[in-house]
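First to last, the sequence lines map onto chains B and D.
Okay, so the first sequence: first residue is 1 according to our numbering, each after it adds one.
Okay, so the second sequence: first residue is 1 according to our numbering, each after it adds one.
In short, the hints are calculated from the structure, not lab data.
This structure is a prediction, so every number in the text was calculated from the model and none was measured.
Do not rely on the hints blindly, as some may be mistaken.
[Unchecked claim] Covered by chain B, per the in silico footprint, the following chain D stretches (three or more residues, Cβ under 8 angstroms): (1) 39–45; (2) 94–102.
[As the list claims (entries may be wrong)] Listed below are the simulated BS3-like cross-link pairs for lysine-lysine, each with C-alpha atoms no more than 30 angstroms apart in a straight line: (3) Lys69(D) - Lys3(D); (4) Lys69(D) - Lys91(D); (5) Lys3(D) - Lys57(B); (6) Lys69(D) - Lys57(B); (7) Lys14(B) - Lys57(B); (8) Lys69(D) - Lys9(B); (9) Lys3(D) - Lys91(D); (10) Lys57(B) - Lys91(D); (11) Lys9(B) - Lys57(B); (12) Lys14(B) - Lys3(D); (13) Lys69(D) - Lys14(B); (14) Lys57(B) - Lys44(B); (15) Lys44(B) - Lys69(D).
[To be verified] Here are some chain D residues the structure puts well away from chain B; computed CB gaps all over 12 angstroms: (16) Asn23; (17) Thr26; (18) Ile48; (19) His49.
For every residue, glycine included, the Cβ atom is placed at its ideal position computed from N, Cα and C.
The chain contents come next:
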Amino acid sequence: NAGVTQTPKFRILKIGQSMTLQCTQDMNHNYMYWYRQDPGMGLKLIYYSVGAGITDKGEVPNGYNVSRSTTEDFPLRLELAAPSQTSVYFCASSYWENTEAFFGQGTRLTVV
Amino acid sequence: DAKTTQPNSMESNEEEPVHLPCNHSTISGTDYIHWYRQLPSQGPEYVIHGLTSNVNNRMASLAIAEDRKSSTLILHRATLRDAAVYYCILKSGSRLTFGEGTQLTVNP
Numbered sequence: 001n002a003g004v005t006q007t008p009k010f011r012i013l014k015i016g017q018s019m020t021l022q023c024t025q026d027m028n029h030n031y032m033y034w035y036r037q038d039p040g041m042g043l044k045l046i047y048y049s050v051g052a053g054i055t056d057k058g059e060v061p062n063g064y065n066v067s068r069s070t071t072e073d074f075p076l077r078l079e080l081a082a083p084s085q086t087s088v089y090f091c092a093s094s095y096w097e098n099t100e101a102f103f104g105q106g107t108r109l110t111v112v
Numbered sequence: 001d002a003k004t005t006q007p008n009s010m011e012s013n014e015e016e017p018v019h020l021p022c023n024h025s026t027i028s029g030t031d032y033i034h035w036y037r038q039l040p041s042q043g044p045e046y047v048i049h050g051l052t053s054n055v056n057n058r059m060a061s062l063a064i065a066e067d068r069k070s071s072t073l074i075l076h077r078a079t080l081r082d083a084a085v086y087y088c089i090l091k092s093g094s095r096l097t098f099g100e101g102t103q104l105t106v107n108p
């Protein structure tokens with residue numbers, strides 16, 4: 001059972017480039033989340049989804065887009081990368097609202 | 001999202017109990033209290049959650065005040081591996097939002 005898998009683990013982007021951070025879970029979870037964590041800070045919610053075809057904004061959605069076409073996958077798209085998007089990105093999933101959330105190992109993104 | 005207040009940092013000695021406090025005076029009746037922890041260079045991991053009654057699991061215990069305006073995460077015997085940032089989160093509905101947490105240091 002792989003749990004929550006994020007790819008890539010590390011990435012360096014140039015300013016203005018775009019990329020997609022991949023997140024997939026094999027636990028048939030309904031809820032999925034994307035967070036960013038800046039050095040020494042707590043996690044900030046970017047977007048979340050309560051099921052396939054349903055997404056909603058979190059605390060810091062600007063500069064990001066998401067889609068949820070399947071239960072398993074919840075990719076995060078960065079358009080026109082900026083240095084302020086340098087961060088560690090975590091994806092998480094849970095079966096329902098008040099069940100345990102499982103986190104991936106993170107993607108460390110640097111924008112230069 | 002309702003707000004929680006936690007101390008920035010706490011210290012404990014190995015093999016002693018640790019009580020991590022969390023204040024949430026604006027908690028609503030439907031808010032669940034969740035605790036997660038984040039070890040260095042890792043993603044957060046679930047610890048425990050509850051609504052009104054005290055809860056126990058293999059990792060920890062959660063003591064919830066009768067008025068629900070505060071709670072305490074109890075680690076019964078701290079180990080070096082318990083050194084982490086501990087997050088107390090109020091969850092109502094779909095969103096799971098984190099505060100700054102408490103950095104727990106465990107001394108050998």
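Verification of the supplied hints:
| no. | hint | in the structure |
| --- | --- | --- |
| 1 | 39–45 | holds (count 4) |
| 2 | 94–102 | holds (count 8) |
| 3 | Lys69(D) - Lys3(D) | 11 angstroms, holds |
| 4 | Lys69(D) - Lys91(D) | 14 angstroms, holds |
| 5 | Lys3(D) - Lys57(B) | 19 angstroms, holds |
| 6 | Lys69(D) - Lys57(B) | 28 angstroms, holds |
| 7 | Lys14(B) - Lys57(B) | 26 angstroms, holds |
| 8 | Lys69(D) - Lys9(B) | 39 angstroms, violated |
| 9 | Lys3(D) - Lys91(D) | 10 angstroms, holds |
| 10 | Lys57(B) - Lys91(D) | 16 angstroms, holds |
| 11 | Lys9(B) - Lys57(B) | 24 angstroms, holds |
| 12 | Lys14(B) - Lys3(D) | 37 angstroms, violated |
| 13 | Lys69(D) - Lys14(B) | 47 angstroms, violated |
| 14 | Lys57(B) - Lys44(B) | 11 angstroms, holds |
| 15 | Lys44(B) - Lys69(D) | 24 angstroms, holds |
| 16 | Asn23 | 16 angstroms, holds |
| 17 | Thr26 | 17 angstroms, holds |
| 18 | Ile48 | 9 angstroms, violated |
| 19 | His49 | 7 angstroms, violated |
The structure shown violates the earlier hints numbered 8, 12, 13, 18 and 19.
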